[in-house]
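Please model the entire structure based on the sequences and the hints provided.
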Amino acid sequence: MQEQQQQKLIHTFSALADIGQEVAHKNNFQEMIQTSLHLLLGSLAIMRGGVARYSKFGHELNFLAVRGLGDDFPLSASLEMSDEREFLNTGMSDIELSQAKMLAFFQRYQKVLDRKRIEMIMPLIVRDQLVGIVFLGEKATGEPFTKEDKAVIQAMARHIGVGIHQRNLMAELNRRAEENRQLYEGMRMTYKDTVRAFATAIDCKDKYTEGHSVRVGRYSEIIAEELEWKEEEIEGVAVAGYLHDVGKLTVEKTIINAPYRINAKESKELNKHPGVGYEILLPIQHPYADVPLAAKYHHERLDGRGYPDGLKDNEIPYIAKIVSLADSFDAMTTDRPYKRRRPFNEVIEDMHRNAGTQFAPELVRAFCSGILKEVTGENKSRRFRRLLGPEYMEAEGLEMSLKDALNGMNATKPLTLIASG
Amino acid sequence: MNTSIEIPIRDEGDTATIYAGDYLNKLSGEKIERECRKRIEGGCKTLVVNFRETEIVNSIGVSILLGVIDAASQSDTSVIFSEVSKDTSQLFEMLGLTKHVVLQ
Ligand SMILES: [Fe+2]
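Read top to bottom, the protein sequences are chains A and B.
Heads up: the first sequence begins at 739 in the working numbering, then just goes up one per residue.
Heads up: the second sequence begins at 5 in the working numbering, then just goes up one per residue.
Note that these hints are calculated values from the structure, not bench results.
These numbers were taken from a predicted model, which means no experiment stands behind them.
We treat Cβ as the ideally placed atom computed from N, Cα and C, and that holds for glycine.
Check the hints yourself; a few may be wrong.
As a list, the in silico DSS-like pairs of lysine-lysine whose alpha-carbon atoms are at most 27 Å apart [stated by the list, open to error]:
hint	chain 1	residue 1	chain 2	residue 2
1	A	K968	A	K1006
2	B	K35	B	K90
3	A	K764	B	K103
4	B	K30	A	K746
5	A	K877	B	K35
6	A	K746	B	K103
7	A	K885	B	K42
8	A	K1006	A	K1111
9	A	K877	B	K49
10	B	K90	B	K30
Simulated DEER-style distance windows between Cβ atoms [to be verified]:
hint	chain 1	residue 1	chain 2	residue 2	range
11	B	Q78	A	R865	21 to 31 Å
12	A	R919	B	E45	45 to 55 Å
13	B	Q108	A	T879	13 to 23 Å
14	B	I13	A	L921	51 to 61 Å
15	A	L911	B	E16	39 to 49 Å
16	A	Q759	B	I13	29 to 39 Å
Quick look at the structure:
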């Protein structure tokens, strides 16, 4: 008899050890629950049972695993608030069905629980929350559950409860991460839409350069792409391009739209727009750095002959150099009231010539290489064709000019070449 | 779940002998239960579970055997456990399994 007792003790203790391992190490939740139920039933030879998870939001119990309950057993059941309260009050201890008839839950499900010969249930409570319920039928011996049996069941149920709780935490974490992602995505979209609306508003003011800001945004984006910047950095540069001329909103419309070369006084007025743009953009919380600086310094030149501050190469923020190149490129490739646009190959030669004095050579190189990829068909996105028109891309000698520019800049031209005088 | 394992079974007339091996003690043991249920539903009169290759039976194993017992009790199939080791038979005795099956 003592030998038999010992066998049983070893059997029960191994089940306890196994269930701990199972909960701690199994990655597959469903298998973990299924195995845990086997261990619980098998440790005391309980004929039938089930593990249900409680969803606080739906006040619903959903069975994750059942054994011996038959196909007609309902796999979900609803709980009343009063049931939940009652279970929390009881805590993690066994409730014998014969003593639980006053609970709303039992009154509702008494028939099926009786039919399935469920004898005991144990609420799974972790950190004062009901996470599930274990349902148990009779023992194979037919004898009632002893105090020791109940202690074993409670210990094993605790493990199962922790397993479900961990799963809930994971799900909650994933849900919140997804919610945050969507929120952030939404904000980014709103910001982008606002920026585009602004760019359109800026462009409306200048009827001769319709779409200028939008195109400068696109060209700036292309340069950053060619530099293989990260996605959010590329977006930041694009935004800087869209908004670079925002200061023009405060410049007299007659000056902006003058169908002639403006005089010195008008020019002085117009040249205020980078500083004004900076003032407008500075108080805004941009998701990207340096957007206001791009507006302020997009008319600076490497040789220090730009405005408003006459900064030289290293003093000019990088983002402003990109927008400056994109801005000048658009100015050269669109018709102005007093000047038609120049052939594409000449524009390339111009950029090449001014690399090191007006433009940063590595940016000219990146830009030219982007254009060349489209000319040779290596890049099929048609991004320049869409912005410049297909016939413009057919300019004679374009490919040659691009290759010359790329070769010329690769060879000797230093990054900083400042014109004397 | 591993469903590719082959459970050794011998069918002779209305008796089926199933060899528990050590599959019984894992989740894969559910396959043994499924095979037994198939035999029971197929009208098998005697189901023999052979423990020749089974060193110990853990709680998963007991749970699966209870599943077999439960299925058999719903038809008139009798279940025999054969070649059970001494330790295991003592365990089956204590847990009450011997109330439902014949040890041989
Ligand atoms: Fe400008």
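Verification of the supplied hints:
1. K968/A - K1006/A: violated (38 Å)
2. K35/B - K90/B: Holds, because 26 Å separates the two Cα atoms, which is no more than 27 Å.
3. K764/A - K103/B: Violated. K764/A to K103/B sits at ~34 Å, over the 27 Å cutoff.
4. K30/B - K746/A: It holds: about 19 Å lies between the C-alpha atoms, which stays within 27 Å.
5. K877/A - K35/B: Answer holds: K877/A to K35/B is near 23 Å, not above 27 Å.
6. K746/A - K103/B: holds (16 Å)
7. K885/A - K42/B: Given pair K885/A, K42/B is violated - Cα atoms ~38 Å apart, limit 27 Å.
8. K1006/A - K1111/A: violated (40 Å)
9. K877/A - K49/B: Measuring from Cα to Cα gives roughly 25 Å; hence the hint holds.
10. K90/B - K30/B: Roughly 22 Å between the alpha carbons, so the hint for K90/B and K30/B holds.
11. Q78/B - R865/A: 21 to 31 Å: Between Q78/B and R865/A, where Cβ atoms are some 41 Å apart, the hint is violated.
12. R919/A - E45/B: 45 to 55 Å: holds (50 Å)
13. Q108/B - T879/A: 13 to 23 Å: holds (21 Å)
14. I13/B - L921/A: 51 to 61 Å: holds (58 Å)
15. L911/A - E16/B: 39 to 49 Å: violated (56 Å)
16. Q759/A - I13/B: 29 to 39 Å: holds (31 Å)
Comparing the model with each earlier hint shows violations of hints 1, 3, 7, 8, 11, 15; every other hint is respected.
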